[in-house]
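Asks: Each chain, letter by letter, is given below.
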Amino acid sequence: MARPDRPTPGSEERRRLLPASSSLAVLLIVFLTLSLLTLFSIMRGGTGEVASDAGGTKAYGPADFPEIEFDRELLPEVREAGPSDEAGTFRVRLPLAYEDYYPCSDCHADMEVNLERRELEEMHDDIHLNHGPEERWCFDCHNPDDRDRLRLANGTLISFEESYRLCGQCHGTIYRDWREGIHGRREGYWNGAKSYQLCAHCHNPHAPHYEPIEPLPPPVRPQFLAASLDEVGDEGSVGEGLDD
Amino acid sequence: MVKDILSFVTGSARLALRGNRWYFAWLGVLGLLVVWGFTAWWQQVQHGLILTNMRDQVSWAYYIGNFTFMVGVAAAAVLLVIPAYVYNWKPIKEIAIFGELLAISAIVMCMLFVLVDVGRPDRVWHMMPLVGSLNLPSSILGWDVLVLNLYLVLNLMIVLHLLYTAYHRRPYKRNFVVPLLLCSIPAAVGIHTVTAFVYAGVAARPFWNSAILAPRFLASAFCSGPAIMLILFQILRRTTNIEIKDEAIWKIAELMAYAMFLNLFLFGAEIFREYYSNTHHLIHTQYLFSGAHGHSALVPFAWASLACSVVAFLLFLFPATRRNLVTLNLGCLLIYTGVYIEKGMALVIPGMTPDTLGEFYEYVPTMTEVRIGAAIGSIGFIIFTVLCKIAIPILQQPEPEEAAPEGAADLQAEPAAT
Amino acid sequence: MTDTDRELPIVDDALDRRMNRRALLVGTGLGAMSAVAAAAAGSSNGFVERMLRRRFVELSPDRKAEILAELEREYAERYQRDITVSDTPPIEGVEFGYGLDIARCVGCRRCVYACVHENNQSRDPQIHWIRVLRMEKETGIHLTESNPYYEPELVPEEDAFYVPVACQQCRNPACVKVCPVKATWQEPDGITVIDYDWCIGCRCCMSACPYGARHFNWTNPGIAAEEIRTDTHYFGNRPRPNGVVEKCTFCIHRVRKGRYPACVEICPVGARKFGSLLDESSEMRYLLREKRVFVLKEDLNTRPRFYYFYAT
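Protein chains in written order, with this note's numbering: chain S, 8 to 251; chain C, 6 to 423; chain Z, 115 to 426.
Keep in mind the hints are simulated off the structure, nothing from the lab. Since the model is a prediction, treat every value here as computed from it, not as a measurement. Beta carbons: idealized from backbone N, C-alpha and C, even for Gly. Hints are not guaranteed to be accurate.
Sample of chain C residues facing chain S (criterion: CB under 8 Å; computed from the structure) [to be verified]: (1) 55; (2) 60; (3) 61; (4) 154; (5) 366.
Below, a sample of chain S positions facing chain C; criterion: calculated Cβ distance under 10 Å [to be verified]: (6) 183; (7) 229; (8) 230; (9) 236.
Just chain S, same shape as in the assembly (with noise of 0.2 Å):
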């Protein structure tokens, strides 16, 4: 009303004035061009490449291993025991030679003492002493009166589930640290009852270097994490199906 001095806005001013912006403007759109088109080439070029054999492309999850006993039950007695279990007693898992021989003196009994030091080829053929093979043989720690026990240096008889002294005759830092429960599995309760492996559970007492076993595959690569989640598409239903 009261301002006829003031220049109107969308006047011959901004007329005048749109070349002398326009160096301004092409400057800005060059440079958005630029760096949308680097943005897009480097998103076409995805999350880096992975070699095709280099793993971790597929996720795999604990149901892909039913050989795998992710819930092996505890030992009865140990499970009964519980936490805070002060007997000190320590229990173990059975021999593994207890499912397919025990007991020896099954076939043994009635069988004559060979005390030749051979390859055994009509039984026990998957037997190769690989201990100490020049120093030892069957009888350090086999008794041949009674084949259901074994027998210490010092001519003690002990049964298989006590093997773990027979060994520990040898090995007496790796058996104390058994004992301790720093070398070799166990399960239960820290602060309790727990089931001890014995030492042929994982070392074949006639080959006792551990044998090499199959990993479980890899982590699935960050790359891939959503993999099975994309093929579902963009229509909003991706993790459809994992929904709370």
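Put chains C and Z on the given structure of chain S with help from the hints.
Replies: Chains C and Z in isolation, oriented as in the chain S frame:
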């Protein structure tokens, strides 16, 4: 009083809602971008951050990089405020308010970038002081939330006061504004320092764990913030009739040249330390500048950033190119690009590559991230545009003695003070 | 009104209409916000109540019990399984420690998958709390040269040894101090836990953790109902929501009842040891006494309760 406030509010709303077709076209384009990005965000809210390319190995990336850059932009207001109000230097004083408007827009963008980055946006209220369980004094992000909000409130109060008094044609209350301004100066330094501390305090990431990170942040903020301002000033003085003197622009450009020198110097100091000591920690810098373990996505960006910064510094160093608007604008764009890369990509990502267990995961943003980023950028532009649209006419009201409006009854209750 | 004053603010009769429109806009905005929040929360069921809930540790015992029961109902509905959610407290006078025998570990990753199985980690997208790093014997422990994706036919390989890494349960945890909302803390028995219902998913802790031990739920965890472990703990292996951080808790639901963590029991070579650091007769004390231990990244002063050792 209530009537005054009401008239201010409605008057401002009216100013914001009226404009020529360029104004609405601009807002329309931004609005479309917002919608485009909002749909992406909606999907992200439903499905989670899996729609981004962030992973456990690189768990902060594009969003947080933008956040960091925007904190720098917000802090830049201080560069304008210091000379304007402390030294009462007239040419800058008239335009300092735009720095504050920019700060407000930038802070809002910062908060939005944090909001889209968190996994549980429904729980961000846990960070609110008193209501939530803000982990002070130990959490630096907690402090960041505090200072960012403080800075926002300070700027809003200053801007509102200046506009409100100008609207009613009263002089602003110096003893109200000046203390607030004096507070906003350390607050501006504070937001950038605390944001730098969020990174610098992380011992697990040697690339960030540097004492000069905060000074570097400040130096680069004093480059990038004014770079945006200089371009905006030129746009403003062409598209509106607000008066911005060349002298003011040149003065800002000169201050920027000092800041850029400092920025390059600090950068050089960091580079020397990394390469000369040549420890395991060098791997992050190597990944950035020369690639490592066959990964080199950031290398061109790192060198582009450095080149931009050096060229811009030279352009701003010499008065001839500093005072030529074309080279000045070129320098502004270069410095903007340089700092954006440095803060956006070249800070966050190499800090996390390789990760703490030495794994290289080459991060690039997904469309979802770019769209959301575009939406937040657009929201920032909308806020700034609308704020300017409101502020300019109010500030430009002729001095009362020149033109006492007739029919002033509908304008204000009391007559204009001097 | 003339054209020239159109930019001057004027109160007019359009005010009321405009104010109404504004109120409408604000209303819609608030509605949209709560819808967003509801979507993020995964369901709108009891949403407001849940949103306004306090931190679990601040609640009264009665309220905690209610929440646990509520979670059990929710999980039962989702998985059609009977799931118990407990909040078993720490055992007095116990501070847990962990030992890992680098000389024994063969890198078979049984622990990785036993952990996933026991702790209800997401199968798809995959989350592993344990990462086994393959190191060249020639190089020694060198993280940037390590490889978690090794895939030979048999392990151990001749030229490599293996370093499994999970949460080190630090005495001076970098992750806890950076959390902006106190959603993670150290329990008296030394376990650093996360309240999944309080975490905002900002991932500060993931930046701060020097061991890559913290993992994020980038989307809703994918796990088949029949694979869910039903004995769960509020701070441990209960099913997690989208958008929060999780990590190893030493199997908090097991160890607070005396059981070994799942990874300790599965390890075929017995490389993993666990016990109380305050009990002189524990295997951990024996280990610290008799063996030589080291911790990862000791320069960061995190002081882990997770010790690596060479038993032989």
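Asks: Against this structure, judge whether each hint is valid.
Replies: Verification of the hints:
1. Hint status for residue 55(C) relative to chain S: holds, with the closest Cβ pair at about 5 Å, below 8 Å.
2. Given the 8 Å rule on beta carbons, the hint for residue 60(C) holds: about 4 Å separates it from the nearest Cβ of chain S.
3. For residue 61(C), the suggested interface contact is upheld, since its CB lies about 7 Å from the closest CB of chain S, less than 8 Å.
4. The interface hint given for residue 154(C) is broken, as the beta carbon of that residue sits about 31 Å from the closest beta carbon of chain S, more than 8 Å.
5. Given the 8 Å rule on beta carbons, the hint for residue 366(C) holds: about 5 Å separates it from the nearest Cβ of chain S.
6. Below 10 Å, beta-carbon pairs count as interface contacts, and residue 183(S) has none with chain C, the closest being about 34 Å; its hint is therefore violated.
7. With a least beta-carbon distance of about 4 Å to chain C, the hint placing residue 229(S) at the interface is held under the 10 Å criterion.
8. Among the interface hints, the one on residue 230(S) holds; its C-beta lies about 7 Å from the nearest C-beta in chain C, closer than the 10 Å criterion.
9. At a threshold of 10 Å, the smallest CB-CB gap from residue 236(S) to chain C is about 6 Å, leaving the interface hint in force.
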